[in-house]
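Engineer: Please construct the entire structure, taking both the sequences and the accompanying hints into account.
Chains A and B are the protein sequences, given in the same order. Just so you know, we're using this note's numbering here: the first sequence kicks off at 1 and counts up by one. Just so you know, we're using this note's numbering here: the second sequence kicks off at 1 and counts up by one.
Be aware that one or more of the hints could be misleading.
Derived SDA-like pairs (lysine to any residue); straight-line CA-CA distance at most 20 angstroms [claimed, not checked]:
#: 1; chain 1: A; residue 1: LYS237; chain 2: B; residue 2: ARG83
#: 2; chain 1: B; residue 1: LYS90; chain 2: A; residue 2: HIS232
#: 3; chain 1: A; residue 1: LYS237; chain 2: B; residue 2: THR6
FYI, nobody ran anything at the bench for these hints, they're computed from the structure.
Spelled out from the first residue to the last, the chains are:
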Amino acid sequence: MAAHDLHAWFGANEALKGITLAFPETRVTAIIGPSGCGKSTFVRCLNRMHEVVPGARVAGRVALDGQDIYAPGVNPVRVRRRVGMVFQKPNPFPTMSIRENVLAGLRLSGEPVPDPAGTVEKALRQAALWDEVRDVLKRTGSSLSGGQQQRLCIARALALEPEVLLMDEPCSALDPIATARIEELIHELRERYTIAIVTHNMQQAARVADFTAFFYQGELVEVDRTDVLFTHPNNRKTEDYITGRFG
Amino acid sequence: MPLTHTDREYEAELTKLRERILLLGAKVEAAIAGAIRAVVERDDVLAQGILDGDAEVDRLEVETDQLCLSILARRQPVASDLRFLTIALKLVTDLERIGDLSVNIAERALELNKEPALKPYVGLPVMAQAAQGMVREALDAFVSRDADRARDVLGRDETVDAYYEQIFRELLTYMMEEPRNIYRATRVQSVAKYLERIGDHACNIAEMVVFMVRGEDIRHRGAAST
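Structural biologist: Encoded structure:
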């Protein structure tokens, strides 16, 4: 997946000012930057979620397997099937069972699910939640702990068998142990998926990402291998931000 | 690091670390100068003072290490701060070794002072000045974050090595002339060797400064690095 000269607006406010950034396949790319730098807007443009906001607009290209997801005639719902998303706050459907939560995305896309039990188990296994919930699949999603709920949301995204997984601060509402489990999961998922993770926690970016991109005021300041960016960044702004010398 | 940290306490910790290193640097610089004077001026009291002062250098080394560990654990530094912290940990080891070498020089002074003077010292004070100058320049480059200045230090190592060769050859003539000179000559030769090692440690520090400032590792590049 690759964005090319991507612009995004909220009304007259230009939130992204021409971002060109490629996400290497089966690698984790972290996006860091201060609040309001456009990092969340950027990932929301990658699966056509930004345009859902009233007054929001996008220009530029996002190529998925070489095809522009913003080309005329492309169905945004199909794009979102291929590019899954996990949000900051775990948001399982509260009254739905764990099992139905996993299947919710598939059901909503209106496609038949030939082997629901198999799909549920596979997605929950991939999300490292199966062993904890295999005997309580009929309980509600909200009966789980925060960290389990977040892994349930990851399972729901994985059930659709996406190519890319977008994670928008997936651990900011979780305690350190639950965070460590999600991070471990990211390491496992990396073998199969291309992952983009937005995070406020720079140590998290340093821990989980192969590449890290620094955004500031709607622009991509610098992207590099994570170890390079955190030991010897090229740009002064990156240096000031990651060392805590900003403004 | 022109901008200061948003977190003032973190900034104060980094400043404290820098000051500790400089204090340690000042102590070992003084130790080199004192130890050489103890040899040249045949001063036992001065030599003993260097031996006694080493405990202070050791204490500063341990204290600096502890401060580094505490900052690493609590602040998880990155980028230029991380490079500063990692070289600080290594730099104190080199400084402490320089301190030890100064002690070794003082010990040789005490041994030599028990014997009649072998000869007037000409090359040794000049060599000592050169080695001490390398240490000072490396530390100044560290303070001013000046990679070019640090590279200059590397170029000066050859001069110190050449002094050692010269002093060694001269001492050989004394030893060949008269076997009774051997005891004293080997002690003087050791002093010159210690100075040569001090120059090497100064080079290590200078290489670290280049890494700290530019993020470029120039160690083990042979002649190309100088």
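Engineer: Each hint: holds or not?
Structural biologist: Verification of the supplied hints:
Restraint check for LYS237 of chain A and ARG83 of chain B: satisfied, since their Cα atoms lie roughly 17 angstroms apart, inside the 20 angstroms limit. Of the pairs offered as hints, the one joining LYS90 of chain B and HIS232 of chain A holds, with about 19 angstroms between alpha carbons and a cut-off of 20 angstroms not exceeded. Pair hint LYS237 of chain A plus THR6 of chain B holds up; C-alpha atoms about 14 angstroms apart against a cutoff of 20 angstroms.
In summary, the structure agrees with every hint in the numbered list given earlier.
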